[in-house]
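For the sequence shown, counting from 1, position 118 maps to 286 in this note's numbering; every step adds exactly one.
To be clear, the hints were calculated from the coordinates, so they are not data collected in a lab.
All C-beta atoms in this analysis are idealised placements derived from N, C-alpha and C, irrespective of residue type, glycine included.
Heads up, none of these hints are tricks.
Pair by pair, the computed Cβ-Cβ distance ranges are: (1) 477 x 312: 32 to 40 Å; (2) 626 x 465: 44 to 52 Å; (3) 679 x 651: 19 to 27 Å; (4) 257 x 470: 38 to 46 Å; (5) 323 x 200: 21 to 29 Å.
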Amino acid sequence: MRCSLRSWRLSWIPAKLSSRDCRAPVVRKINMVKLFIATFGTESNTFATYPAGKADFLDGLWCKTGISNAPVSPWSGPAKVWYDRAAALGWNIVEGLHAFAQPAGTLSRKFYEDARDSILNDLRAAGPVDAVLFYLHGAMVAQGYDDCEGDLVARARAIIGADTKLGIELDLHAHMGQTLVDSADLIVLFKTYPHIDHNDRAHDLFELMQRTLSGDINPTMALFNCKTMGLFPTTRSGPMPRFVADMIDAEGQGGILSLSLNHGFPWADVPLAGAKMLAITDADPKYAGDIAEEFGRAFFSIRQAAALEFTSMDEAVEIAARSQGKAVLLADVSDQTGGGAPGDTCYMVRAFLDAGITRATFGPIWDPAAVEMSFQLGLQAKTLLRVGGKSEPQSGPPLDIDVEIIFLKREASQESDGTEDVPIGDIAVIRCKGVDIVLTSIRTNVYSPSFFTNHGICLTDKQVIGVKNLFKHTDIFAPFVQTQLYVATPGVCQPDFWRLNFKKLCRPIWPLDDDTLLALQN
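Please take these sequences and the hints and turn them into a complete structure.
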């Protein structure tokens with residue numbers, strides 16, 4: 169029976185719920201399968217002027233000896249899922265490069281082509297394979313390549329031919345186009361933002377691939393352009409948790425195999441930027457198109473209520489300064505590395521000092537030079553230190569302050585999702601007028617309170633907590649704070665999209681254009 173969106177409206181289902189928890193399709197036993205696995209991802213902010221390259225991947229994930237040798241992290245998770253499941257089935261596994269980096273600026277052409285060709289050469293050398301699984305980000309841009317994932321996957325398809333099955337897992341902040349859809353058999357995206365379901369989606373993709381290889385299903389995909397850009401959290405109040413629950417509940421009904429909402433990545437001036445709805449059905453491309461459009465229009469109807477709201481820095485600091493009781497958390501959204509910003513502006517911490525806030529912490533600020541100087545001076549040293557403002561024009565002025573060095577650690581890390589570690593490099597915590605500032609040698613977001621608590625900072629003692637993040641911290645910091653504000657500071661992840669100099673972006677698109685709805689109806 170064919171279903172419409174109205175027929176599967178449910179009460180709220182937790183967004184982290186995997187479709188595997190709802191249904192477990194029987195997969196016919198398959199003879200020996202030869203599987204190729206590779207990982208290659210980053211998110212490219214084209215408004216950031218500093219280049220990205222191999223060094224960024226070496227700070228994240230760079231593994232050419234097999235994913236089982238890689239540290240457990242959000243970047244290695246999906247490939248580890250596929251490897252473990254394939255190994256348990258006795259499949260023949262061939263691996264290429266596994267590489268992932270924190271979001272950054274546009275990739276250098278040479279690095280992109282070298283890494284891409286490394287994967288393709290390994291795929292070619294593997295000889296005939298039955299299936300390929302790629303973990304990609306989806307929003308990678310390199311010099312001369314606005315659609316890196318489409319380029320990579322199209323070249324992979326040319327190598328493996330039409331009969332080999334190819335599946336991809338993507339971040340939901342991706343750029344999706346027809347090249348990618350035409351070149352793959354299966355595409356599954358994260359469903360949650362913040363991203364807490366990357367491994368669940370890896371399981372989903374593996375099971376769909378198993379069913380495809382066994383002949384149980386014949387996946388057909390369709391993409392619908394929602395002509396929308398923005399930031400749409402899925403784990404807070406508002407319509408997005410329900411929308412995610414509706415997608416999950418629809419999967420497995422009426423021939424629907426998988427549904428993914430690609431939120432899109434707004435800080436890239438490329439033609440494919442923007443939200444898209446992807447549907448996979450069993451041997452019915454027209455139905456896939458109908459379902460993608462129905463869910464896409466449903467998302468478009470809730471876009472304004474679902475979008476994250478932002479506060480000016482002056483207002484946010486004023487609220488924080490007069491707060492009592494639990495801490496107020498301020499997120500410096502425009503200079504957060506999760507959107508490709510360098511992470512070294514000092515506008516917010518300067519505002520803390522100017523407002524006389526004396527029980528606060530702030531981080532991370534990416535400043536390898538200041539970190540190394542702190543190590544040279546040693547614990548409890550007091551010095552005049554120049555902090556931040558170094559990497560690119562929008563980094564703004566540095567902060568020259570008298571500080572005491574209160575914590576130092578080499579090769580530090582923080583927890584992510586309880587079981588995964590994210591490296592943050594060498595770390596120095598400095599104190600200025602009661603504000604504890606965390607400096608790192610590696611660009612990073614705050615993934616959990618352990619970013620602070622592992623490094624000598626007691627969050628329950630603070631009046632204000634400042635993080636260079638967009639949204640990933642929100643749920644895990646809730647026990648420590650009374651209020652969380654998303655602050656529109658200066659930086660290359662500016663949430664006021666009207667201030668960004670778009671030249672390639674396909675228009676019309678909401679919220680930049682008023683006639684988007686009319687265009688969506690055509």
